[in-house]
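Since chain S is already given, all that's left is putting chain H on it; use the hints.
One line per chain: the protein sequences are S and H, in this order.
Just so we're aligned, residue 71 is where the first sequence starts under our numbering, counting upward by one.
Just so we're aligned, residue 71 is where the second sequence starts under our numbering, counting upward by one.
Worth flagging that the hints you see were computed from the coordinates, not collected in a lab.
From a predicted model like this one, the values you see are computed outputs, not experimental measurements.
There could be a bad hint or two in this list.
No copy labels: a pair is met if it fits in one copy or bridges any two.
In silico DSS-like cross-links for lysine-lysine, where the CA-CA straight-line distance does not exceed 25 Å [what the hints assert, rightly or not]:
{"id": "1", "residue 1": "K323", "residue 2": "K247"}
{"id": "2", "residue 1": "K323", "residue 2": "K246"}
{"id": "3", "residue 1": "K299", "residue 2": "K275"}
{"id": "4", "residue 1": "K98", "residue 2": "K197"}
{"id": "5", "residue 1": "K98", "residue 2": "K202"}
{"id": "6", "residue 1": "K275", "residue 2": "K360"}
{"id": "7", "residue 1": "K74", "residue 2": "K394"}
2 protein chains.
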Amino acid sequence: MVVKVAINGYGTIGKSVADAVTLQDDMKIVGVSKTRPTFEAQIANSKGFPLYVLAGNEKKFESAGIKIKGTIDDMFKEAEIVVDCTPGDFGDQEKANYTKANLKAIFQGGEDHELTGTSFNALANYKEAWGKQFVRVVSCNTSGLIRTLFPLDRDIGIERVNAVMIRRAVDPRDSKKGPVNAIKPVLEIPSHHGPDVQTVMHNLKISTMAVAVPTTLMHVHSVIVDLKKEVKKEDVLKIWESTPRVMLIDGAKGLPSTAEVMEYARDLGHTRGDFNSIIVWRDGMNVVGKTLYYYQAIHQESDVIPENIDCIRSMMKTEADNTKSIQKTEKTMGIK
Amino acid sequence: MVVKVAINGYGTIGKSVADAVTLQDDMKIVGVSKTRPTFEAQIANSKGFPLYVLAGNEKKFESAGIKIKGTIDDMFKEAEIVVDCTPGDFGDQEKANYTKANLKAIFQGGEDHELTGTSFNALANYKEAWGKQFVRVVSCNTSGLIRTLFPLDRDIGIERVNAVMIRRAVDPRDSKKGPVNAIKPVLEIPSHHGPDVQTVMHNLKISTMAVAVPTTLMHVHSVIVDLKKEVKKEDVLKIWESTPRVMLIDGAKGLPSTAEVMEYARDLGHTRGDFNSIIVWRDGMNVVGKTLYYYQAIHQESDVIPENIDCIRSMMKTEADNTKSIQKTEKTMGIK
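Here chain S stands alone, though its shape is the one from the complex (with noise of 0.2 Å):
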């Protein structure tokens, strides 16, 4: 079975989205989206992905010279799922939309919990989203936490985490937005990534703050974490050895900002210089008691993009062993 899925935005994600499931075998682009005749409708065009457009803009994207397919609600006929990545908060009506065409969808993170009932992690929470109708892959920053806290609570409990979330100001792609020289603290108070982490890990008592600050690379994270028992650094870096997504790194090695870990990434010959793995430094990590330190680099515009097509297998039902679909999604992708 090959499931049908569009893309409705082919924006920062939907693109990567739609290039991670032309890799699969089992998944394959019936169409993607796009509301104005932009250079990332051309490049649509120029891979050869069918464009549909929004109802009455025809003629803008025929004057820019670019190839059409039809309306975004001609896509729907053509899908199994839509993978939906237009801007966050326009959730409720998207979903109705979906709803009318009898259509299953995947939301990204900046919708709200509520919106799906669902929210979805490949390692801790795949079945969770089994058969299911509307499902939400958490954001980058959630995403990032959940892959280095499931496995810990899992092999060695967590007893309570406090992080702090350095967010990039913009993407990289972005000009329009700030801090440029400044720190600018996140005011909702705590924030809410604990409370979405929450969503995939009901039980982790876990409370987070975030500040945005004047650069466009990565986000990274200061974690401290309580752990139920005393463990030794090393059986830590053990069970992240084996946790997929999850990269260890040392700062000492020329890796001491989020400038070098980018760099990496392209010399690694990734996709796009993305980093789909979860980046923790091996040095910049300690255990004092039962009290476990570490920081790590969340490259936001592409870890999320794994998780939607092991989302997909999920509800889809096309897959029923998380791991399989997890190792499937990397070697596609070559991640690790």
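Then chain H, alone, in the frame of chain S:
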């Protein structure tokens, strides 16, 4: 009694301490030192501070048209106490010089606690510096943590603190190092800040981490405090309202980031545009159960200046009551 103060190292901190000493009626500047004939040496001249230089460098200053009074050894003969504002990590050498000259000396937070055995904060442990020969004023970040944590521990009781320091890359006056567009975790784990707070608040349980980010204006701390009992948000605000050198602000009143906070300092007419007080966002703090969350901003160039003044009074035994010293310093410097 007017205490004779020398400033060894007329740079970022030294300049401001010199100005602050000048504002007091119980102490005066007898000399400031400079190793090279920079613009700051000219500033010392124009302010009328007797300028002393490294022996052997006299001609460099003279040929740059800068008036000098003598060598650093000459300066030591004029003083009763030296405020050491030389670059960090030369403490051992400088301490030997002060010992030889039979001088008292204050070191800054760049030196280790072990250099003096006594670390200082005017509110928390004024009496520990009483009559001592060598005392260290803790760093800007550590002073900031102590300013808000000490009154909470005194009035409510603190079980445990987890804090992350988001550090500016360099001071506004510098241009030579980054990060430029990246986040750089401080890989030493846990960071030195926690143990440094304990040099003043000896029994506080505190875990800290730190990252450097591409901004020059202020540090920001994300602090998560487990209190010993449940209190209301208002109880905490009330404590800080009556705490010296802590200022509560509202993000919603046009102060969302450190950029606007620094503009506020200029609008308030503060010397050099400084903020000697620690800035706490009233609408960026919350209490959930026994857990307190807050953000604070630290003006790295200026928060320790009043501490140096109070430290002189304790070491020289010219004022036994820390509240009186704090108030005198604040009144003369125009704090709050």
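Status of each hint after checking the structure:
Taking identical chains as interchangeable, the C-alpha atoms of K323 and K247 lie at most 25 Å apart only when they sit on different chains, with a minimum of 19 Å there against 33 Å within one chain. Taking identical chains as interchangeable, the C-alpha atoms of K323 and K246 lie at most 25 Å apart only when they sit on different chains, with a minimum of 23 Å there against 34 Å within one chain. When the C-alpha separation of K299 and K275 is checked against a cutoff of 25 Å, the pair qualifies both within a copy, at 16 Å, and between copies, at 19 Å. For the identical chains of this complex, K98 and K197 are intra-copy neighbours only, at 22 Å inside a copy versus 73 Å across copies, given an alpha-carbon limit of 25 Å.
Within a single copy, K98 and K202 get their C-alpha atoms as close as 19 Å, which meets the 25 Å cut-off; across copies the closest is 76 Å, which misses it. Taking the closest pair of Cα atoms, K275 and K360 come within 25 Å of each other both inside a single copy (16 Å) and across two copies (14 Å). In this assembly of identical chains, K74 and K394 lie within 25 Å of each other by CA distance solely inside one copy; the values are 20 Å within and 76 Å between copies.
Violated hints are absent here; each numbered hint is respected by the structure.
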